[in-house]
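Protein chains in written order, with this note's numbering: chain S, 499 to 759; chain Y, 39 to 410.
One or more hints might be untrue.
[Stated by the list, open to error] If you only want the chain S side, here are some residues facing chain Y, beta carbon under 7 Å, derived:
no., residue
1, 682
2, 683
3, 687
4, 689
5, 691
6, 694
7, 695
8, 699
9, 707
It should be emphasised that the hints constitute simulated quantities derived from the structure, not laboratory data. Where a beta carbon is used, it is the ideal one built from N, C-alpha and C, also for glycine.
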Amino acid sequence: MNARKTSGIVALGALGLLSLGAASAKDASTPGTSPAPATHQVPRSAEGNVVIALCDGETTLEVKGVKDPAQIDKKQAQDISDQLMAEWHRKNPQANWDPVPPRVALAQPPTPPPAAKSDVKKQGESAASDAAAVARQKGDQEQAGHTYGAFGARDEALWKASAEQMVKEGHRVFHDSKELGSTVAISCDMCHPDGANTHPETYPKYQVQLGRVALLRDMVNWCIENPVRGKPLAEDDPRMKAMEAYIFAQRKGVKLEYGKH
Amino acid sequence: MKHIKSIETKHHEERDAFFEGLRRLDRRGFMKLAGLSAGIVAAKSLITPHSFQLVSVADAAPSARPRFTFAYISDTHLYKKELNDRFVRSILRAVDDVNRLDPQPDFVLFGGDLAQLGKKEELDLGREILKSVKAPVRMMVGEHDWFLDMGEHWRTNFGEPQYSFDHKGVHFVTLLSVNEKDFWTERGMTPEERMQTVAGLDNGVQSRFEVGAAGREWLKQDLARVDKKTPLIVFSHSPLYKYYRPWNFWTEDADEIQALLKPFENVTVIHGHTHQMLSNQIGNIQFHGMLSTAWPWPYAPEGLPSLTVQMNRADPFSNFDGCGDGRFDVTAEGLADKLYNLWDRDPVTVRSSYLASKGKKDRPAATKLPSY
Chain S
499 MNARKTSGIV ALGALGLLSL GAASAKDAST PGTSPAPATH QVPRSAEGNV
549 VIALCDGETT LEVKGVKDPA QIDKKQAQDI SDQLMAEWHR KNPQANWDPV
599 PPRVALAQPP TPPPAAKSDV KKQGESAASD AAAVARQKGD QEQAGHTYGA
649 FGARDEALWK ASAEQMVKEG HRVFHDSKEL GSTVAISCDM CHPDGANTHP
699 ETYPKYQVQL GRVALLRDMV NWCIENPVRG KPLAEDDPRM KAMEAYIFAQ
749 RKGVKLEYGK H
Chain Y
39 MKHIKSIETK HHEERDAFFE GLRRLDRRGF MKLAGLSAGI VAAKSLITPH
89 SFQLVSVADA APSARPRFTF AYISDTHLYK KELNDRFVRS ILRAVDDVNR
139 LDPQPDFVLF GGDLAQLGKK EELDLGREIL KSVKAPVRMM VGEHDWFLDM
189 GEHWRTNFGE PQYSFDHKGV HFVTLLSVNE KDFWTERGMT PEERMQTVAG
239 LDNGVQSRFE VGAAGREWLK QDLARVDKKT PLIVFSHSPL YKYYRPWNFW
289 TEDADEIQAL LKPFENVTVI HGHTHQMLSN QIGNIQFHGM LSTAWPWPYA
339 PEGLPSLTVQ MNRADPFSNF DGCGDGRFDV TAEGLADKLY NLWDRDPVTV
389 RSSYLASKGK KDRPAATKLP SY
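Pulled out of the complex, with its shape left as it was, chain S reads as follows:
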């Protein structure tokens, strides 16, 4: 198994394809620091279509009828990915994934912040990060943009759209008794308009009536079982995730008071 090819295909998955576009031809022709495939010449489309290059340094695909990579929707992107992957598999019939090096899983745990080592404060341990210290350094040390990678405005727009999509889906489930599996035609919004009275910023907390510490999803499931009279959702049920996204979005900017009440 060729290690270069393996890393290439992993990178393809991680990039979700879309960061490669018409501009890739220029990137690929720039001599890189790695000795690997600096020679991958991505052909330009005669009609000005988007051409997508696979990281194996040889495979390319022209997307017919698409001039702007931003126009590619999720489904089409998946199709392109599948086609490129199929092409790669055709070229590499013996391909197999390398085992994950064990060192990756043995990463050192982060050093706890000094606050965690000190005695418990009067107000209890804070779950907040040391945002105040960052603010103090503002001005002389603050950097513009992200400090952990080269991401553009388009990436940020994609992340925002993805998060909002999930919130929107959560809004739908929250308002739809059928989707919630209600047998009595009751949906969450009937008692919680705009997610009111859900106060997700207070979880996890000891729920007296349950006799244990509950997460927000435990209470969501309690409501689904009792007033809504449906079956509880699995913790990784997409509907549960979406509802959590919606509920948190409704409380954006509200102070975190975990454990309150």
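We have chain S; now place chain Y onto it with these hints.
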């Protein structure tokens, strides 16, 4: 055989006789009696001839004998019985409550939202259940009753949605306050979609509630023949003031309605819809929001009237907590003291004097727990 009375019976007989005597006294006579009673207590350190203190009773005396009472049941949101027996059990509990009132109320006002989605079987079920109320029942429309067939079946069952009547010197008006501007035609909605949209509290699609031009004109005509000194009690489903627009805790033409009510000396507006304890006073008009039997709603994030005695957050683990029904004791001057009959909690009385004094007098005990 000698008839033996219990201590409680004797106490209540004595108490009733005392209040009856008190009622017949003029103010001077009352003060004389009060002074005498206090004097006896002070001089002899003994209990008064009555088993309770006259001096402390003086406060409670004015509202001890209301002119009359009526009960209030609202927002039952009935589904088909087979589908949701929980809400059916709730309205049955409310019916039991008012049937147990002693003395019986003069009538029971149903405050709207009998049905959940305005279906025939929902409205018919409600009518059947309300038949077992002993006192006469007067009906009001809520938006959940209306927007499937624009009130057709409700009218068949209960008659005109907007009417007035006089009772023991008080002029009562029942308003249809949940009209909406047409948001459905241009969107091509079916009646079911229209109903579902109105039923959603937190959607921005529907229009705001209003009494509407025709309704206001009717009210104007109706009030024209009423003396300004006559106490006025108005029933509306939505509050006739502007509380929180995004949830339609709102009546768009509330200001115009208030202007029509303003010339009257004593005006009380009683509404359902908001499913929570709510009190407001604007000018001379007192507003009372009443409970739902089906479920309680949280207070809106803004716009809450400052005179509201908040109920704390309902326990989600109790089917009935934060729900209930109510009663109004109409005072001698024609205002109303309201009693929130909160199921699974202590009842709360909010007196008209509390509202009239802008919260300075007769402040009811409030919970110290958060209401969110």
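Verification of the hints:
1. Checking residue 682/S against chain Y by beta carbon gives a least distance of about 4 Å; that is within 7 Å, so the hint holds.
2. About 6 Å separates the beta-carbon of residue 683/S from the nearest beta-carbon of chain Y, less than 7 Å, and the hint is met.
3. Using the Cβ-Cβ criterion of 7 Å, the hint placing residue 687/S at the interface with chain Y is satisfied: the shortest such distance is roughly 6 Å.
4. This hint holds: residue 689/S has a C-beta 5 Å from the nearest C-beta of chain Y, less than the 7 Å allowed.
5. With a least beta-carbon distance of about 4 Å to chain Y, the hint placing residue 691/S at the interface is held under the 7 Å criterion.
6. With a least beta-carbon distance of about 5 Å to chain Y, the hint placing residue 694/S at the interface is held under the 7 Å criterion.
7. About 4 Å separates the beta-carbon of residue 695/S from the nearest beta-carbon of chain Y, less than 7 Å, and the hint is met.
8. Because the beta carbon of residue 699/S sits about 11 Å from the nearest beta carbon in chain Y, more than 7 Å, this interface hint is broken.
9. Contact between residue 707/S and chain Y, as hinted, is supported at the beta carbon level, the nearest pair being about 4 Å apart and thus within 7 Å.
Going down the numbered hints, you'll see the structure goes against just number 8.
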